[in-house]
Amino acid sequence: MTSFLLSPILLSTVAVSGEVFPQQNSQESTHVVISPTSGLPGLEISLPIYLEAAPGVEVGSIALELVFPNQLISFVTVQGSLVSERVGAKITAEVRVDAEDESKSVLKVALSTPETGSRHAIPDGLLGFVTIQLAEDAQLDTQIVLTSRGSAMTTGPPPGPVDSLTIHDGVISVGEVVFACFFYMH
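Residue numbering for the sequence shown is 52 to 237, as defined by the numbering used here.
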């Protein structure tokens, strides 16, 4: 009887949450997703970072660069998740003004597992959060794209570049905050 009652709840949870990763080519490529989110001007918001490794790929480190308009967004902090902390992964961040366009900043986020002994792979799932603050004068009903690029290395030995790496841009919708799961959807 309990299973019968829980089935509609589980189905509605899947229907509401959507997909974390795109279905097309997901088996052939490793995906790093900066999950879309929303927030109101002046508030701090968190951008979740997810990983889905291609079959047979063991990711040991990820280096991301998020390029954003520095008049609309300021970097606050970065933190790991239980998934990344479980394997001893360390996450760091550094922000600088873009050398090509001073109206933009580049946030470098690095996540890696220790290279000593038997190196663990970074597991699929939620890796961490980048917390940013939206400017007070950010226009409602606009979208801010965080252009993303990066690289990943395998666990080795020796570590090598992850082939077929797809990094998905982050998108922040400025406006009413909707309390739901925001995952990468296409």
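Just so you know, these hints were derived from the structure itself, not from any lab.
All figures in this text were calculated on a predicted structure; none of them were measured in a lab.
Careful: at least some of the hints might be erroneous.
Said to hold, decoys possible - Beta-carbon label-pair distances, calculated as ranges:
| hint | residue 1 | residue 2 | range |
| --- | --- | --- | --- |
| 1 | G211 | D188 | 17 to 25 Å |
| 2 | Q190 | E109 | 41 to 49 Å |
| 3 | G93 | P208 | 42 to 50 Å |
| 4 | R137 | A186 | 33 to 41 Å |
Using N, Cα and C, we set each Cβ at its ideal position, and we do this for glycine too.
So does Q190 sit 41 to 49 Å from E109, Cβ to Cβ?
At roughly 43 Å between Cβ atoms, E109 and Q190 fall inside 41 to 49 Å, so the hint holds.
Cβ distance range 17 to 25 Å for G211 and D188, holds or violated:
violated (45 Å)
Does the Cβ-Cβ separation between R137 and A186 fall within 33 to 41 Å?
Holds: the Cβ-Cβ distance is about 35 Å, inside 33 to 41 Å.
When you take the CB atoms of G93 and P208, is the distance between them in 42 to 50 Å?
holds (48 Å)
Hint 1 alone, counting from the list given before, is not met by this structure.
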